[in-house]
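S.K.: Let's have the full structure, built from the sequences with the hints guiding it.
Protein chains: 2
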Amino acid sequence: MKSIVCSVKVNAAVPGLEDNTADIDRLQQDLTSILGDGRPVIVSYQHMTSVARKFRLAGFSGYALLNNMDQSWQVIDFFAARPAVIPGMALDLGTTHLEASLVNLQDGEILAEANLENTQIRFGADILSRIHHATTKRRQQKLPEPDFFDPGLTELQNEIITAINELAAMLAARAGVTAGEILALSVSGNTTMAHLFLGLDPYFICREPYIPLFNRAPVMDAGQLKLAINPASPVWIMPSVGSYFGGDLISGILASGMAKSEKTRMLIDVGTNAEVVLGNSEWLIACAGAAGPALEGGVARMGMRAGPGAIEFVSIDPETYEMEYRTIGNVRPKGICGSGLIDLVAALYLTRMIDIRGKFRDPDGEQDQARALFMKKHISRREGGLCFVVTSAKENDSQGEVVLEQIDLDAMIRSKAAMYAILTTLINQVGLEFTELEEITVAGAFGRHINPQHAMTLGMLPDLPLSTYRAIGNSSLRGAELVLLDDSARRECEHIVSSITYLELNVNQEFMIRFSGARFIPHTDPSLFPSVPVFDTPSS
Amino acid sequence: MKSIVCSVKVNAAVPGLEDNTADIDRLQQDLTSILGDGRPVIVSYQHMTSVARKFRLAGFSGYALLNNMDQSWQVIDFFAARPAVIPGMALDLGTTHLEASLVNLQDGEILAEANLENTQIRFGADILSRIHHATTKRRQQKLPEPDFFDPGLTELQNEIITAINELAAMLAARAGVTAGEILALSVSGNTTMAHLFLGLDPYFICREPYIPLFNRAPVMDAGQLKLAINPASPVWIMPSVGSYFGGDLISGILASGMAKSEKTRMLIDVGTNAEVVLGNSEWLIACAGAAGPALEGGVARMGMRAGPGAIEFVSIDPETYEMEYRTIGNVRPKGICGSGLIDLVAALYLTRMIDIRGKFRDPDGEQDQARALFMKKHISRREGGLCFVVTSAKENDSQGEVVLEQIDLDAMIRSKAAMYAILTTLINQVGLEFTELEEITVAGAFGRHINPQHAMTLGMLPDLPLSTYRAIGNSSLRGAELVLLDDSARRECEHIVSSITYLELNVNQEFMIRFSGARFIPHTDPSLFPSVPVFDTPSS
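Residue numbers (the working numbering), protein chains in the order written: chain H, 167 to 706; chain B, 167 to 706.
Each hint should be verified, as a subset may be incorrect.
Because identical chains cannot be distinguished in the list, a pair is counted as satisfied if it fits within a single copy or across any two copies.
Okay, derived cross-link-like pairs now, EDC-like style, lysine to aspartate or glutamate, Cα gap no bigger than 20 Å in a straight line [to be verified]:
1) K220 with E311
2) K220 with D313
3) K308 with E374
4) K168 with D203
5) K175 with E567
Hints were generated in silico from the structure; no laboratory data involved. All values derive from a computational prediction rather than experimental measurement.
M.R.: Encoded structure:
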């Protein structure tokens, strides 16, 4: 295990008439024998003067700073004393959001974290509209000249470089270093984001047969990309598998550890799409589907990403009908995020305010007095039909109210049905049962905050012991951190890429049948969810 | 055998829904299996867009252009049809002179040749004065800051880069291409010239214990050095062994073929110094000494480098005393170069106009009438004593006369004695006889024009059958051509560097004794030169 940039102790012999090896050769020879892995040690041209001088100044003894490349070691600096901190930046390059961390490559410590919106959004909210913008001029010429550059592509690239530089400055300030002292960058993003980051033509990504320009990028240095970190920093981009199977998912698989596990595991990453991978160290099978929007602020009117003011937790006591909620940052509620939505809908089901189809029950016919009182307070009849008022405008005057409408509930039911259908289609594909899984790893902001018990109540996740579920947060960022710290993790990415199979759901008949069956709470077949109470049977 | 840049035929499958490999990955995979040597195929960032586009435009079939690097293959371009010409530039980076050739890397054909004076001469005639100039500011600070650059060094580097660009333009024009189409550069020069070319501090080269900054340079690309050839061109610099054992000599050894020969050979390269190497595929021993100046225009008053107007051949018929000479370019004589000087002095000896000590004989006491007549015409008594008038001012009015003075003769004798002493000391070191040598390879302009018979007459080269001697011209340039054409030649350079031993003559007592013994024509011990007539015995 060697980090992508490491310091190596050198104690070379002092030159003399009997040992007239040149300075650079002396350093190389010493390092080659210390590292002993057959990879050549190279001092590239731009570093020869300063490395040779520092080596001499330090009396031919000290610490070489090396970029740990696939085929070679590149000496980039030399110090008299061991550097305590070698800052490396890990980046999750999301379509809507960038998350980054600064890692000390000497010991793995997280020095700082930061995040930003992806300001490319002003050129297009989703991947397709960004590809459209990036190819505005290019689309006029079916096969452009080799030296043609689309200004739209350059615009999108510049936007992302600027954002990364801003993140680097934030991280550096928080860690008490300068951005120029950051010595490595790893980037995990979907295939299109990787193309836009490098300014490489994404034209064919969204056109049959959907061919990216690249899946495996060479290791670049930051100077080539005009990044405001140390120009000699290696920039490592997570490899992707195809146009719709990006490095972010490879990164997630890496972070989950499933590709090293003997027993089979499942990884669920809910972002714009729900991406699900099943497998172990021998094989991996993956698929993706549109199960995410309702959970990521994309569909529900009051839905929002997990961020300050988002209701992330809701409970309603089924006896006393006392309701509690909590917002991120403990500020006034502005909306509700995925985990809050799951909590709320599960609570609405368990308190029988919605039926198994996810439809609001009419408060007027309610027999139970306590429930009737609660419904009177929270369920309101408006233009769009019945809705649930989480926080009223009065209680929360300046911010307006947070309300769950029937249309939001319907979207939520579709999402949870899609999720369960994806999971069952995938596990059925390999002939396993959910109970045979060693672990279900739940990634993403969704995974960090979700209560699996409530997701099970809704029939979104399989009914399994809670200990089966493990949340790992932003797995794309975690994987990016791992490749900075460990070259075996970089090799594991290659292994993952080569051992993965992709299951296409868009043309999958089984998926459509399973999706229909899952559009009830918890399911058309309640025996699949023995721990969830069933209050009535679905009407036809 | 693969050239440093080669074209490789590719015929990749056309992508489809069942084969959605990315464009760059598709090209890499195809090339990896075609090349099959385990080295990874890399498309570096700056070439990804154009290579991917050209690959697509050509229907995924055509010719990839690759830089053949030590650890990898670097794809730099893609063509629909096989390029007929891949121009690579070989350069002998001499202290006084630059010689270059343009080689077609597809077939080894020499497309053009060119040469220029090394205009660094205006900053210093020799290596030491150039190091002095390159360290003008730096000498004020014993250990300069790592980022310190000496303006003198930059000046010398710029001078050489400008000259190389000029040579590239000349070569390109002669070959009917543009300088930007030149795709590789190999450079063979002494250790100091290599440092000045790269702008790397030569300060310690001439200070005990004489440590260069580097002996083995990394492969650079032309863009890094602001060379006006294709910026992606690999720039390969011949490795050196030490401060006084440069890449030009390694190049010469390579060109001679001696390091691959089972039988022992000798290489003699006369430049500013005489550099001599003895050895075979098992071992190599080298030494250098100041035997050159008299032969390279450095000492004789009328001496000059082999160039237009230099008398390169002289003969005097020992019976008729008819004298003939020939100048380079068949123009009016301006001076005399090494080979002409050797011819002339040998002829003067054989016609008994000088004695075995190399002293002019007094024409007044001459008995032979024909000789007396000739002497009367050509031997003149002037301020500095007797001298030989090769061409008189009358015959050659506007240019003045070409004259050999006693001082020139004395220098010539010292040079030839030094040469023979070097050769005998070296061969004695390994316990061999000259007759055991398979070949004596004579390199340099000296080697190209010299008549070995005349050099033997003077006792400069050992008395051996003429077939033992082989002239190879500018071996430094020949070696630079070889490394462009054949990667095994580049590996052979490593072998040469690691198997060579250096014999220091400055402190060698045996050399001084042998030098004294060789200060007669042909030698104090004439039995060493059975084919040379001896007219009298040396006076004490």
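S.K.: Identify every previously stated hint that the structure contradicts and give their numbers, smallest first.
M.R.: 5
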